[in-house]
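Visitor: Residue-level listing of the chains:
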Amino acid sequence: MLIRPDRDDLQVIGFYLGKVMVGVGYVLGAPMLVAAVMGDWDDLTAFLLGAGLSISIGRLAERRFATTQQLDWSHGLVTAALSWLLGAALFAVPLDLSGHYGSYVDAYFEAMSGLTATGLTLTQDIDHMSVSVNLLRHITHFLGGQGIIIVMLTGLGSSSGQVSTLYVGEGRDDRILPNVVRTARFIYLVASVYLVVGTIALTLAGLVAGFSPLRSVIHGLNLFMAAFDTGGFATNSTSISYYHSAAIEGVLIVLMVAGALSFLLHYELWRGRRREVLENLEVRTIAVTGLITTSLLLLGLARAGTFTDVGSLFRKGVFSAISAHTSTGFTVNASRMFVTDWGRIAPAALLMALALGGMASSTAGGVKGIRVGLAAKSVSRDVRRAIQPDAAVVAVTYTQRHRRRITDAPVRSAITILVLYVLLFLSGALVGVYYGVPFEQALFESTSASVNGGMSVGVLEPGTPLPMKLTYTAQMWLGRLEFMAVFALLGYGIALVHGRI
Amino acid sequence: MTRRPVSARAVGEIAVAVVIVIAVIVTIRILRDSAPQARLPHVGTAAPDSDDPDIVTCERTLPDAEETQQAIDQVEPVGLISSTEVLECPDAFDQQVVVYVGEVIGDVLNRDGGAWLLVNDDDYALEVGPLRGHGDYRGGNSGLAVWLPAPLPDLEPGRGDVRGTVIQVRGRIHRSDAADGGGLTLRALSADTVSILREAQDLDRPVHRAQAVAAVLFALLAAAITLQARRSESRR
Amino acid sequence: MLLRPNRAEVFVVLGTVGKAVLVLGLATFGLAAIALLAGDVDSAAALAIGASLGVGAGTWTRMHTGTRRRLTWTTGVVAATTSWVACTLMASVPLHLSGHYASYPDAVFEALSGLTTTGLTLVQDIDHMAPAMALYRHVLELSGALATVVVGLTLLTAATATSSSLDPSDVRDERIMPSVRRMWRLVGEVAATTVGVGLVVMSAALLVAGVRGWDVLVHGVSLTISAATTGGFALTSHSVGFYHSALVEIVLIPLMLAGAVSFTLHRAAWRGERWPLTRELEVRVLLASMFAIAVIVMLGLGRSGATGDVVPLFRRGLFTTIAAHTTTGLHNVSPRLLATDWGLLAPAGLVAAMAVGGMTGSTAGGLKALRVGLIGKGLAADVRRVLLPEAAVVVATFTWGRRRKLEHGHVRSSATLLLILLVASLGAATAVLFLDSTVNLTEALFMAISAASNSGQTVGTLTPSDPVALKAGYGLLMLLGRLEWIAVFATIGFLYASLRGRQ
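Line order of the protein sequences matches chains B, A and U.
The first sequence: position 371 = 370 (numbering that gives the first Met the number 0), numbered continuously.
The second sequence: position 9 = 8 (numbering that gives the first Met the number 0), numbered continuously.
The third sequence: position 4 = 3 (numbering that gives the first Met the number 0), numbered continuously.
Careful, some of the hints might be misleading.
[Said to hold, decoys possible] A short, non-exhaustive set of chain B residues, derived as facing chain A with CB atoms under 10 Å: (1) Ile54; (2) Thr67; (3) Gln69; (4) Asp71; (5) Ala208; (6) Ser236; (7) Ser240; (8) His243; (9) Thr293; (10) Ser311; (11) Phe313; (12) Arg314; (13) Thr339; (14) Asp340.
[Said to hold, decoys possible] Cross-link-like lysine to any residue pairs, in silico, SDA-like; alpha carbons within 25 Å at most: (15) U:Lys18 - U:Ile48; (16) B:Lys376 - B:Arg274; (17) U:Lys376 - B:Arg274; (18) U:Lys376 - U:Leu421; (19) U:Lys376 - B:Val496; (20) B:Lys18 - A:Glu155; (21) B:Lys376 - U:Leu405; (22) B:Lys18 - A:Arg230; (23) B:Lys376 - U:Ala287; (24) B:Lys376 - U:Gly500; (25) U:Lys376 - B:Val276; (26) U:Lys404 - B:Asp407; (27) B:Lys18 - A:Gln227; (28) U:Lys404 - B:Val276; (29) U:Lys376 - U:Ala287; (30) B:Lys376 - U:Ile48; (31) U:Lys376 - U:Leu286; (32) U:Lys404 - B:Leu206; (33) B:Lys18 - A:Ala9; (34) B:Lys376 - U:Ala496; (35) B:Lys376 - U:Lys18; (36) U:Lys376 - B:Asp407; (37) B:Lys376 - B:Val276; (38) B:Lys18 - A:Val215; (39) U:Lys404 - B:Arg380; (40) B:Lys18 - A:Val77.
Keep in mind the hints are simulated off the structure, nothing from the lab.
These numbers come from a predicted model, not from an experiment.
All C-beta atoms in this analysis are idealised placements derived from N, C-alpha and C, irrespective of residue type, glycine included.
Sequences are here, hints too, so could you generate the full structure?
Guide: Okay, structure coming up:
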């Protein structure tokens, strides 16, 4: 039996949503400044309009729902789920006004793709997009990417013993710093350091690749946000193959991997505990799955004869594998070539890498290494128990900051979420199939959306039927929030109507 | 703490809020669709339409041909091709000499005694011009990576409100270009096989006045609400 | 670090396997005698050869492995897996001798398909197969079905459904019968009654459909066993479509459902207990799932326009849905049409139906309705836990025989099996793509799920000319699915321990 949420509950949710909306408004200031410098007046007014709208609604909500009540975690989950929905709606306003989207739905898709760090795009004529609007797309990556870490890490991921198990099976003791504000600060400190170093490195690489100084900075900043937040938007239609530069690809690989590392790991590294990297279950799992998918990918490419020399095979293959496994979605070839030139094994390997994804509490998507690791450990425990029931207790342990014993509760939630992901992949593929897309391609696109990957085999384009676009939008949202927040929102809705008072 | 049920008034408020939001969205739609337009004259393709490419099969038929410097001038191109054809059948076009027409996009990457270009041959490049100028939606972009050896002609790439230089290139398609780390490229046979068909052009759109007015109104509204909130806060 | 099994453990496993092969050998002898009476000397000889092998090997093994040890969970599971393999090898001999199989691996595949009540077939020119040999395939289905119910009730279901883990020490439960021997008798009684009643009704239906003479009995036995064991073999290449009779199809539906209903419910009905059916989680899930999938399949059929009128649509849609959901594999449309004419939505619905499968403790395969229900309940509990205040304790319950508390272990073990099923099917489907270039991923996925859920529905891509690796893959999936994965894993572990374990 659910308890019907009362006014206080709605009030606190409304209040924090208001804050989020005001935040969106302020964020629009950055591209506005760029538009002013570049002299793109229409873009400037579009941002101003979006900012005015966001701040007005946000402030009104803040006042109407003013409260001193604290968020408990059911509020937190509902707020997170709604934040992504509303945030995308607000960011979609200036995007829609930019005139690069066929409809508001397309612009909403784009904003959701940005905020969920997915990277699928419905932009039309992106090659003639103004610098400021393009910057906004990449800023949504940075905002959504860092935002989801805070949500996972502070609000929901570990502050409460009960809910934590729903996510990754980590215990209460995983809070890296005592409170939300300090954690958020630490996250933004790390992100800022990466921002400065990464952008400088990319700018230098851009200069070497032949860009003019100003254009190197623009490309460098955008690339950084798309890579570090494992997003996958790009400033031009040809993604990373636009740059023809091994140096840029190298820097991007480092940034993508950094983005796919969990923040706990960043914290341990920050404090100089390197041992954690070697012992952490999630790191080990991803090392294994990464090795397998990359080898399979290279094997497939070699078999299909896609590349004529070994250097190219490794450069394109390894970059693509890492881009997929970190759920970034950068490509170094035209999307259609996955279908027309990559054979059958290599795309399947990419699909596997996409589905597996990065680490929990990072900006990466996918089913996450910890879940795969826990599931594998659990199955091995089952088998051992089955063989040797008489051996008193079969203890299987793993390391995640410290040594833990496998118990049913975390394994249950890990596997439940894994199953939900697989079902989401398949159901999304069915929608594509319904509209006549070959199953293989529909599955790839659906998986890419669900895991916030952003690689595409060319199924998604502005002319795609509306229900498919809406399906992918919902998948990106569900995948980013890892189901539970969305279910909580639905449960809230049900409780509002049917709950016990 | 006593539990307070959600009142009917709150539900009414939410309904009003939803109506307002819808009204705002409609306004934005109208604004977007009323953007001033400055359609560029039809560019058209550079070659006659009858000059269709000969290659239509998707089978890998050609052995990798050796490129010799003196053979360049004797090579007859198979015809004018489009980037989508090449991407659909990369094998069939591998090592073929082709003619390609398109708009230079984004940046000219000057290096290594030449330059890398992104050359688009989609509708925005060749037919209707940059999307912002007309709102005639033609889907995504499509183009090929092109290598031009020095000396380069004077190129202004397309971006934002600029339609870039439209060039014609005679060159060889490399499905997997080892010198580019395996990318699909079109290498111009020599600097002479590149010609400019059309100079770059600025869009010169007039400012969208209605949108500007709406933006200022919203900004003022936001400022007013914020100030009012500040004041009532400080009074408390 | 594994302990090497001791001599007594190995002996008790081998003794059980010997008994299984012996019993199947005796049954084969029985059929050989009938074939001889019917004047079919060739079939009788082939069957007798196989039977002698079985009886001989079984008796020899039992003579040399005398032990008083009782089966434990592990040895039971190992014995079950080994028995299935041994019986398959024995049963493949008469099938191979019949000359209807292109190679010995094909005959092994057929025997395994029968014994796991799957119903995928590699037989060639079945329309000219001798009746005795054709019926032998149904004998295999019947033997496999009985064994499935007994093994399921004693070893498999108990482990996943009643305990919080696969820990065998938790297996003891009030619903498990005291002895395996008694269990065999009870299962046999129920099966005999079901098949007996079914045979009478089916014969009548066949007479109406225009079948005459001895054929009524032969076809009646075939259809009844095939449906009630959720097997899916048939006497003709057109399966149920051969009879062009709505009546036959209507009689088959309750038989297939009977096969997919758990033995416990059968027993309750048998004893005349008024079981609170609607409270049983499994019943609810099965009904809901069947209804939903039937609607999807019919929607898909309507959209694809494969069947013109409403009545044929209903008839084909409903029969195929139930056949798939009970993992039977009988069909009243040509299988190839599923791929070429049914669109994509309807086959997708069938895949879901096969994956869900029937109830625990039945002859049906698939994940089982109980597990689907447990996963759903677990999810609902998770959501409720999220929404309630932190101090609140969420207790979820489910009814399986009696009301039980939903524990982490229930959800974990059920979800693990679902995950294994999904991942293995996707993996197998991908592998199929490389082995057979004429198949697309959709068809491959359909076939992989069909094999792994012991369903036997087919889209007509499995042919005798396929590479052996492909057949071996499907065969492995059938065995893994039948023994619910963990039993096979345990057997592999047991073998490994026998070789490498610590003394």
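Visitor: Could you run down the list of hints and mark each one as holding or not?
Guide: Verification of the hints:
A least Cβ separation of about 4 Å between Ile54 of chain B and chain A falls short of the 10 Å threshold, and the interface hint therefore holds. A hinted interface residue such as Thr67 of chain B counts as satisfied when its beta carbon comes closer than 10 Å to some beta carbon of chain A; here the least separation is about 12 Å, so the hint is violated. Checking Gln69 of chain B against chain A: minimum C-beta separation of about 12 Å lies over 10 Å; hint violated. Below 10 Å, beta-carbon pairs count as interface contacts, and Asp71 of chain B has none with chain A, the closest being about 12 Å; its hint is therefore violated.
The criterion of a C-beta within 10 Å of any C-beta in chain A is met by Ala208 of chain B, whose closest approach is roughly 6 Å, and the hint holds. Using the Cβ-Cβ criterion of 10 Å, the hint placing Ser236 of chain B at the interface with chain A is satisfied: the shortest such distance is roughly 4 Å. Checking Ser240 of chain B against chain A by beta carbon gives a least distance of about 5 Å; that is within 10 Å, so the hint holds. Interface hint status for His243 of chain B: upheld, as the beta-carbon distance to the closest one in chain A is roughly 4 Å, under 10 Å.
Taken as an interface hint, Thr293 of chain B does not check out: its beta carbon lies about 16 Å from the nearest beta carbon of chain A, beyond 10 Å. At a threshold of 10 Å, the smallest CB-CB gap from Ser311 of chain B to chain A is about 3 Å, leaving the interface hint in force. Interface hint status for Phe313 of chain B: upheld, as the beta-carbon distance to the closest one in chain A is roughly 9 Å, under 10 Å. For Arg314 of chain B, the suggested interface contact is upheld, since its CB lies about 4 Å from the closest CB of chain A, less than 10 Å.
Of the supplied interface hints, the one on Thr339 of chain B holds, with its beta-carbon coming within about 6 Å of a beta-carbon of chain A, less than 10 Å. Interface hint at Asp340 of chain B: satisfied, since its Cβ lies 4 Å from the closest Cβ of chain A, which is below the 10 Å cut-off. Proximity of Lys18 of chain U to Ile48 of chain U is assessed by CA-CA distance (about 18 Å); at most 25 Å being required, the pair is judged to hold. Under the criterion of a C-alpha separation no larger than 25 Å, the hint pairing Lys376 of chain B with Arg274 of chain B is consistent with the structure, at around 21 Å.
Proposed proximity of Lys376 of chain U and Arg274 of chain B is contradicted: the alpha carbons are some 40 Å apart, above 25 Å. Pair hint Lys376 of chain U plus Leu421 of chain U holds up; C-alpha atoms about 20 Å apart against a cutoff of 25 Å. Of the pairs offered as hints, the one joining Lys376 of chain U and Val496 of chain B holds, with about 21 Å between alpha carbons and a cut-off of 25 Å not exceeded. Pair hint Lys18 of chain B plus Glu155 of chain A does not hold up; C-alpha atoms about 44 Å apart against a cutoff of 25 Å.
Proposed proximity of Lys376 of chain B and Leu405 of chain U is supported: the alpha carbons are some 23 Å apart, at most 25 Å. Between Lys18 of chain B and Arg230 of chain A the CA atoms are separated by roughly 18 Å; this keeps the pair inside 25 Å, and the hint holds. Restraint check for Lys376 of chain B and Ala287 of chain U: the C-alpha separation of about 34 Å exceeds 25 Å, so the hint is violated. A hinted pair counts as satisfied when its Cα atoms are at most 25 Å apart, and Lys376 of chain B with Gly500 of chain U qualifies at roughly 21 Å.
With a CA separation close to 37 Å, the supplied pair Lys376 of chain U and Val276 of chain B exceeds the 25 Å bound. The suggested pairing of Lys404 of chain U with Asp407 of chain B holds, with an alpha-carbon distance near 15 Å, which does not exceed 25 Å. Pair hint Lys18 of chain B plus Gln227 of chain A holds up; C-alpha atoms about 16 Å apart against a cutoff of 25 Å. Our distance criterion of 25 Å between C-alpha atoms is broken by Lys404 of chain U and Val276 of chain B, whose separation comes to about 40 Å.
Annotation: proposed proximity of Lys376 of chain U to Ala287 of chain U holds, straight-line Cα distance about 14 Å (limit 25 Å). Between Lys376 of chain B and Ile48 of chain U the alpha-carbon distance is near 47 Å, which puts this suggested pair outside the 25 Å criterion. In summary, the hint linking Lys376 of chain U to Leu286 of chain U is supported, as the alpha carbons are separated by about 16 Å, within the 25 Å threshold. For a cut-off of 25 Å, the pair hint linking Lys404 of chain U to Leu206 of chain B is broken: about 65 Å separates their Cα positions.
For the proposed pair Lys18 of chain B and Ala9 of chain A, the alpha carbon gap of about 19 Å is at most 25 Å, so the pair holds. Restraint check for Lys376 of chain B and Ala496 of chain U: the C-alpha separation of about 20 Å stays at or below 25 Å, so the hint holds. With a C-alpha separation of about 36 Å, the suggested pair Lys376 of chain B and Lys18 of chain U falls outside the 25 Å cut-off, and the hint is violated. Restraint check: the Cα-Cα separation between Lys376 of chain U and Asp407 of chain B comes to about 16 Å, which is no more than 25 Å; the hinted pair holds.
The hinted pair formed by Lys376 of chain B and Val276 of chain B meets the criterion: a straight-line CA distance of about 19 Å does not exceed 25 Å. Simply put, Lys18 of chain B and Val215 of chain A have alpha-carbon atoms about 22 Å apart, close enough for the 25 Å limit, and the pair holds. Simply put, Lys404 of chain U and Arg380 of chain B have alpha-carbon atoms about 23 Å apart, close enough for the 25 Å limit, and the pair holds. Annotation: proposed proximity of Lys18 of chain B to Val77 of chain A is violated, straight-line Cα distance about 61 Å (limit 25 Å).
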